[in-house]
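Q: These protein sequences, in sequence, are chains U and S. At the far end of the first sequence sits residue 290, using this note's numbering, and the numbering has no gaps. At the far end of the second sequence sits residue 1246, using this note's numbering, and the numbering has no gaps.
Fair warning: there could be bad hints in the mix.
With a cut-off of at most 30 Å between alpha-carbon atoms, the simulated DSS-like pairs for lysine-lysine come out as follows [claimed, not checked]:
| id | chain 1 | residue 1 | chain 2 | residue 2 |
| --- | --- | --- | --- | --- |
| 1 | U | 178 | S | 1082 |
| 2 | S | 1167 | S | 1215 |
| 3 | U | 178 | S | 1113 |
| 4 | S | 1067 | S | 1113 |
| 5 | S | 1167 | S | 1113 |
| 6 | S | 1113 | S | 1082 |
| 7 | S | 1215 | U | 283 |
| 8 | S | 1167 | S | 1067 |
| 9 | S | 1167 | U | 178 |
| 10 | S | 1082 | S | 1167 |
| 11 | S | 1215 | S | 1227 |
| 12 | S | 1227 | S | 1213 |
Bear in mind the hints are in silico, worked out from the structure with no lab data behind them.
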Amino acid sequence: MPLHDFLIAPFAEFAFMRRALAGSIALAIAGPPLGVFLILRRMALTGDAVGHAILPGAALGYLAAGLSLGPMTIGGLAAGLIVAAGSGVVARTTILREDASLAAFYLISLALGVTIVSLRGSNIDLLHVLFGSVLALDDATLILLASIASLTLSGLAILYRPLVLETVDSGFLASVSKSGGLVQIAFLALVVLNLVGAFQAIGTLLAVGMMMLPAASARLITADMTAMIGIAAAQGMLAGYAGLVISFHAGLPSGPMIILIAGLLYLLALVFGPAGGLLHGVKPRRHLEA
Amino acid sequence: MDIAIRFSDLTLGYDRHPAVHHLEGEVESGALLAVCGPNGAGKSTLLKGIAGTLAPLAGSIALPRVKSRDIAYLPQAADIDKSFPIDVFDVVAMGLWNRCGLFGGISRSQTAKIRAAIAAVGLEGFEARAIATLSGGQLQRMLFARLLVQDAAIILLDEPFTAIDSKTVADLISVVSAWHADHRTVLAVLHDLDLVREYFPQTLLLAREEIAKGKTDAVLTPENLFKARSMIEAFDRQAQACARAA
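Sequences are here, hints too, so could you generate the full structure?
A: In structure tokens, the structure reads:
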């Protein structure tokens, strides 16, 4: 049956495709819900900044041990957390706002990272760091991705209420609790964790796409928080699956293909989204009585 | 006489420049106190200090009877993100933070309390409305409902009736009067002196330092108001460290 051949056979036949699918699903469960909060907090570009910020740490790990999971993850995590916590502290203790302090930190970090990468290795290695290798996930990477997804969902469950409060009315949270700063930094730490996990699979440049595109799309589809988070995760998973299938049959790189599918879903939501898409409100309906 | 708030040689300010200077005095428990004074007199700053969001430059604020979390504070321009997809009920429910915390569910009696608070401020039927669709007056009513749910012993209101129509002011004043009848301590920063004379038994007239404090009629005299108005907004870049004895 051709449909079976097209949609299921690649995964039934090849273990690397099954691994890629499992990895993509883990990424899609954790990343897009974080993206929803980033968008609602008007920090949509934060993912991008942090994604670049983890480069020097990952590069240091790479310099020390070559292309291996442990050192690069630990390095990336350390660099990302330093930048996230540093910019959080700067934003709360100096006159600079969070966007400005984050921009400063990540630019320094990125320049440092590129310098370190250039110290050793060819451009092909750099391409690997930037674009990942979702088709070459080993056991250790899969376990890492699954652990990060679990940790992220648990973390979001704990942070959910104060994070919503901090986002809607940070002044109110500050007046009833001292946890605002902690919540902000814990949330950024989860973002860092996911980007470090994702860059193993689809690379730093595209990791952010998996987080933000489904989230932006979900915001256009619904105004309900719970539904938004569910739809974002579902779209991430759909993009992961469809991207892998298409990249398999067309012989195209899998990471960018996953993001392109997520981008396509976003464009559809942009046009048809019932909670604020382009066509929303174009068709005039009679106004209500009250 | 129970003391709710005590100021001891309190100086509050920004960047070492004082906005409230060497304030002494007490607020009785159960007082309904208006805080009046010209712009720049330090009224908002004083409320921030009591709410604990601004640390004193010198001196102290003591709350002998309540924990600092038992204060409900409505800032001047509440920096609510109106674009966030959340409805009126959920915002009012935020008032339960100190009781529910991270995971605590909202019990049936608490749900009833939230609905009662929404009804008390005249927003019945608006529970499921997104906050993005509220008018300025409705938003202020919602924030009062959240204060009601907070159920605090001390309530701080910073210019709660600015840009609010008279009907809404009347409704919200009745909420304030109910708090007073309930023996809660209420401090409100207000500019409408007629409103103060009508509803607030006590007034603190502030112009960086205390001009007068006590019964409203005795405080809001032409002489005192003139004194407050002639206060210079003394911000001196080269100001020396204040030498007044603590």
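Q: Against the 30 Å threshold, does the CA-CA distance of residue 1215 of chain S and residue 283 of chain U hold or violate the hint?
A: Outside the cut-off at roughly 61 Å; violated.
Q: If you draw a straight line from the CA of residue 1067 of chain S to the CA of residue 1113 of chain S, is it 30 Å or shorter?
A: holds (23 Å)
Q: Taking only the CA atoms, is the gap from residue 1113 of chain S to residue 1082 of chain S under or equal to 30 Å?
A: Holds. Residue 1113 of chain S to residue 1082 of chain S sits at ~24 Å (cutoff 30 Å).
Q: Between residue 1167 of chain S and residue 1215 of chain S, does the CA-CA distance stay at or below 30 Å?
A: holds (27 Å)
Q: Are residue 1167 of chain S and residue 1067 of chain S close enough, with their CA atoms no more than 30 Å apart?
A: Not OK: residue 1167 of chain S and residue 1067 of chain S at ~34 Å, beyond 30 Å, violated.
Q: Just to be careful, I want the Cα atoms of residue 178 of chain U and residue 1082 of chain S compared with a cutoff of 30 Å; is the pair within it?
A: holds (23 Å)
Q: Next pair to validate is residue 1227 of chain S with residue 1213 of chain S; report whether the Cα-Cα distance is within 30 Å.
A: Between residue 1227 of chain S and residue 1213 of chain S the Cα gap is close to 13 Å, so the pair holds against 30 Å.
Q: Within a Cα-Cα threshold of 30 Å, do residue 1167 of chain S and residue 178 of chain U meet the stated pairing?
A: violated (36 Å)
Q: For residue 1215 of chain S and residue 1227 of chain S, compute the direct alpha-carbon distance and say whether it is at most 30 Å.
A: Within the cut-off at roughly 18 Å; holds.
Q: Below or equal to 30 Å on CA atoms is what counts here, so check residue 1167 of chain S against residue 1113 of chain S.
A: holds (24 Å)
Q: Taken at face value, is the distance from the CA of residue 1113 of chain S to the CA of residue 178 of chain U at most 30 Å?
A: holds (26 Å)
Q: Below or equal to 30 Å on CA atoms is what counts here, so check residue 1082 of chain S against residue 1167 of chain S.
A: holds (23 Å)
Checked against the numbered hints above, the structure breaks hints 7, 8, 9 and satisfies the rest.
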